[in-house]
Amino acid sequence: MRLIIIGFGFIGKNLAKTIFQKVELIKQFDRGFKIIGVSDIQGYLLDEKGLDLERLSRISAVSDYDECFFKGGSSLELINKSGAQIAVEATPTNIRDGEPGLTHIKRALTSGIDVVTSNKGPLVVAFRDLESLAEANERELRYEGTVAGAMPVFSLVDECLQGDRIVKISGILNGTTNFILSKMYFEGTSFEMALKEAQERGITERDPAYDVDGIDAACKVVILANAIMKRSVKLEDIERVGIRGITSEAVSLAKRSNYVIKLIGTIDKNLEVAPKLVPINHPLCVHGTLNALHFETDLAKELTVVGYGAGKETVSAVLNDIISILKRKAGSA
Amino acid sequence: MRLDLTLALVDRPGQLVKALEPIAKNGGNIISIIHEREKTAGMYVPVSLVVDFPAYENFWKAREDLEKIDVNVVKSEEVIERANITAILIGKFDLKRILETKIKGLRIIDFEVSAPTSKEACIKLNLEIPMESADEAMRELKRISREENAILVSSI
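Chains as they are written, first to last, in the working numbering: chain X, 1 to 333; chain V, 1001 to 1156.
Here chain X stands alone, though its shape is the one from the complex:
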């Protein structure tokens, strides 16, 4: 199988490194697996014989690779020319119009390429359209990395809860707000101080409003509602309150009654992101930058997944999606 990586930022680079480290494992599912193309903002690499994985794992921009570099070439050109069977879309998230990821995914699907993405933007903006496009073109669109990073969410529901009806999903969907609220809970610091520390540690988005005003969590609620609950919702349908107004007094008042305050995304008859009181013995009571998702279903009743929702751990979800496609293709060959 021939794979291309669209976007060579944090996820793209870490994916290249991980594929280099795990290539023997990947080849157990597909002996012919190779990365044939990678694009970033400066251009793209394309080598039909397969790029050198060791070299790819060391470079910080595609232009550093020297050979097979098409300077100024676009990602769309790479998709068109590559003859790839899998495209990993890993350009930066844009929740206003989903671009450029949206166009990349559409082009790949209509060109007969299966798509794996960790980019929330296109799914937030056009989930139903993309799902229909994948179906019409008989292609796979996998997006495990878009919600709660490394945590199995969609795979869990698709593979392990096939007979269950999901009644409610609630959870901590943003690690930065969990870090801030955990700091406030354990150290009694103010919101402003905790946010400053999060920024110093580099765990906030460039614009912290994306985290603290609940926008990032709301994007994930949109994807979960559409993908798992089969709803048809957009970002503006989510009732959203962030954590800017949470005071240390409120945190300590909650603490005295054995509650913690967490920013919780909820999907049931309501679609909401808001600070909530979580009992200290509830499975969603996890701290630091951890994410947690709690499923309520008719058969399994209650099920909670906890893990890291951002960072290079997300590569785990992307790689799992790639291997799932390889296994399916091997099975149907």
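A few chain X residues that don't get close to chain V, going by computed Cβ distances all over 10 angstroms:
1. Met1
2. Gln42
3. Ile59
4. Asp66
5. Thr103
6. Ala136
7. Phe186
8. Arg206
9. Glu302
10. Ser316
Covered stretches of chain V, as calculated for chain X (at least 3 residues, CB under 8 angstroms):
11. 1088 to 1094
12. 1140 to 1154
Beyond 10 angstroms from chain X on every Cβ pair, some chain V residues (computed):
13. Leu1009
14. Asp1011
15. Lys1039
16. Glu1132
By construction, these hints were calculated from the structure, which means they are not laboratory data. Ideal Cβ positions, reconstructed from N, Cα and C, are used throughout, including at glycine.
Assemble chain V onto chain X, guided by the hints.
Same frame as chain X, now just chain V:
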């Protein structure tokens, strides 16, 4: 609907079985029975039952049928399941606004105020509400907190 009933049965063998038949016939599902022999009054023994009826009409029909066999219903009371809502409100907030809502059966169980004089005053509330009104109560709390420019932090 769930009803808490007390029947006055004549203290003779077979009376309880006789009394249960009109209840079952009218769709009553018996949840519990307590035969309160220690509270015998003259020739009568009180029997407490919790029964689910499909509708109030079913209970009335059962009651009529019980009277026809000389069993009196001496007490009937609807059992209302209640929900507890715990919430923290951040910002200046007038508690009277909650008490003035038209939500039937809403009660403030307790509250705790922190830093009442600061701009960041917050109050923790424990409310009790009939289960069927819990969603409405949450909507009202959200509406009031929006109008008061306060942040509502409710329990999950």
